[in-house]
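Peer 1: With these hints in hand, go ahead and build the complete structure from the sequences.
First to last, the sequence lines map onto chains A and B. Just so you know, the first sequence maps onto residues 1 to 261 in this note's numbering. Just so you know, the second sequence maps onto residues 1 to 261 in this note's numbering.
Since the hints were made in silico from the structure, they are not lab data.
Derived DSS-like pairs (lysine-lysine); straight-line CA-CA distance at most 27 angstroms: (1) A:K53 to A:K207; (2) A:K170 to B:K77; (3) B:K138 to A:K170.
Here is how the chains run, residue by residue.
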Amino acid sequence: MNRLVTRFFDTVVPPLILLIVAVGAWEAYIAWYNVKPYLLPTPRAVAMALVTKAPQLTHAVLFTGAAAGLGFLASLVVGTLVAFVFSQSRWIRAAGYPYAIFLQTVPIVAIAPLIIRWFGNGFQSVVVVAFILSLFPILANATAGLTSLNHDLADLFRLYNASRWQTLLKLRLPSAVPSIITGARTASGLAVVGAIVGEFFAGYGTKRYGLGFLMQVTIDQLQTDYLFATVMVSTLFGVGIFALVNLAGGAILQRWYDLPR
Amino acid sequence: MPVDDFAQPLIQAIDCGVAFAPGSAVLEGVDLAIASGEFVSIVGPSGCGKSTFLRIVAGLVAPSSGEVLVSGSRPEKARRGAAPMAFVFQDPTLLPWRTVADNLQLPGELQSSLPRLAPPDVLALLERVGLKPDDARKRPRELSGGMRMRVSLARAMATNPKLLLLDEPFAALDDVLRQQLNEELARLWQADGWTGLFVTHNVSEAVFLSQRVLVMSSRPGRFVADVRVPFAYPRSFALRGDPEFARVTAEIGHVLREVLR
Chain A
1 MNRLVTRFFD
11 TVVPPLILLI
21 VAVGAWEAYI
31 AWYNVKPYLL
41 PTPRAVAMAL
51 VTKAPQLTHA
61 VLFTGAAAGL
71 GFLASLVVGT
81 LVAFVFSQSR
91 WIRAAGYPYA
101 IFLQTVPIVA
111 IAPLIIRWFG
121 NGFQSVVVVA
131 FILSLFPILA
141 NATAGLTSLN
151 HDLADLFRLY
161 NASRWQTLLK
171 LRLPSAVPSI
181 ITGARTASGL
191 AVVGAIVGEF
201 FAGYGTKRYG
211 LGFLMQVTID
221 QLQTDYLFAT
231 VMVSTLFGVG
241 IFALVNLAGG
251 AILQRWYDLP
261 R
Chain B
1 MPVDDFAQPL
11 IQAIDCGVAF
21 APGSAVLEGV
31 DLAIASGEFV
41 SIVGPSGCGK
51 STFLRIVAGL
61 VAPSSGEVLV
71 SGSRPEKARR
81 GAAPMAFVFQ
91 DPTLLPWRTV
101 ADNLQLPGEL
111 QSSLPRLAPP
121 DVLALLERVG
131 LKPDDARKRP
141 RELSGGMRMR
151 VSLARAMATN
161 PKLLLLDEPF
171 AALDDVLRQQ
181 LNEELARLWQ
191 ADGWTGLFVT
201 HNVSEAVFLS
211 QRVLVMSSRP
221 GRFVADVRVP
231 FAYPRSFALR
241 GDPEFARVTA
251 EIGHVLREVL
261 R
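Peer 2: Following this line, the structure appears as structure tokens:
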């Protein structure tokens with residue numbers, strides 16, 4: 001109990017104090033210089049927007065969350081499958097890996113409009129952008145995990161004349177899980193970013209919309225307090241997704257692997 | 001065909017050599033014959049190639065020159081039929097995501113000719129290596145180093161091997177535990193009658209366990225001495241205090257010193 005209290009004071013109190021100071025300074029700055037609300041809203045206006053626009057923000061979070069979640073799951077499955085193929089031969093790896101790196105270096109803002117042209121204006125395109133952005137970390141980590149094997153375990157499998165398939169399913173894949181989790185941690189945050197970026201280009205309309213769409217509309221309409229509220233929710237949502245994946249990954253590592261979280 | 005067993009050693013090395021790179025031989029001119037049912041240890045300085053020799057016998061490494069035969073055929077062939085083998089590594093090489101019971105099932109899953117274990121078989125194996133029935137459900141991370149090594153031994157026993165190859169299995173354990181496991185390993189050998197080939201750099205361990213101790217020279221390794229160990233089995237802790245035990249140990253230690261000079 002005592003330790004929990006100490007931890008609370010060590011980890012929660014300092015950022016809280018900084019927040020209060022920053023919000024106070026922000027409020028004072030606006031009052032002192034008489035800043036226009038469309039340039040910088042007061043913290044109170046942002047808080048009000050958070051409350052009054054709560055239904056819209058919730059809707060947007062669910063929508064963006066669905067797109068990011070689907071994109072993330074797709075990259076988890078596809079990334080692991082492609083890594084399977086990569087792990088089967090050095091030659092395939094050498095041939096394919098440079099193109100995999102393109103995934104990471106391609107400016108997503110430039111190809112997002114193309115993706116919308118190919119996949120249509122809507123939810124599916126947003127999923128594709130989230131997928132493309134989150135694929136590389138999983139692919140890279142899964143490939144590393146599948147190709148780096150404990151030598152003695154590999155010898156043990158050879159001694160019992162294990163087939164290629166048996167070695168893949170019973171040794172390589174389970175050995176790669178910790179690496180895949182590492183990739184998934186990075187990928188989860190990128191999937192959220194990807195979904196929001198995708199929504200900038202694939203505006204759904206007034207019935208179905210996500211956080212990216214809200215950001216664009218509020219910028220256009222100079223509703224800066226609403227924009228701030230949306231950005232705050234987006235950030236918290238990203239942190240939430242990251243924490244969720246982290247927690248799930250940590251639980252798996254602790255339960256099945258002799259590894260720290 | 002018992003006549004065959006007398007005529008032909010179980011393991012036969014004829015002018016065997018290994019070089020992983022040209023001009024730097026690991027083993028050179030290794031000749032050896034081990035009869036079925038013998039317990040033989042190999043001692044030698046670090047890096048002399050004794051582990052490599054063990055891997056050749058297991059069919060995990062191919063000799064560059066000469067040949068090694070097990071039951072009259074190449075090791076890869078022998079281990080599938082005439083001479084089922086088990087290998088115990090210095091690391092227990094358990095799969096961390098499997099329970100102890102599932103780890104014991106691994107050889108049978110990989111190679112269909114090996115026995116599948118029923119639950120009573122698992123319990124019997126655990127008892128043989130000094131583990132409790134409760135341990136069957138545990139995962140490796142819940143076990144101590146000594147217990148993991150016992151599971152590793154049980155996994156080897158599970159396959160009813162004709163040949164058991166051990167590569168410094170107790171090197172990472174403390175001395176008391178090492179001595180206990182020496183006694184238990186000698187007891188298992190006496191009960192089952194497999195052929196044992198044990199690599200270690202601990203001379204008294206080699207003498208305690210074996211009928212013969214082979215001394216290997218520094219790289220390129222070859223056998224420079226073949227010392228008979230005259231003690232009867234079962235061997236107990238008391239043997240370690242026997243003056244004759246001290247004499248044989250010193251004799252082998254002397255050869256090792258000569259080799260290192």
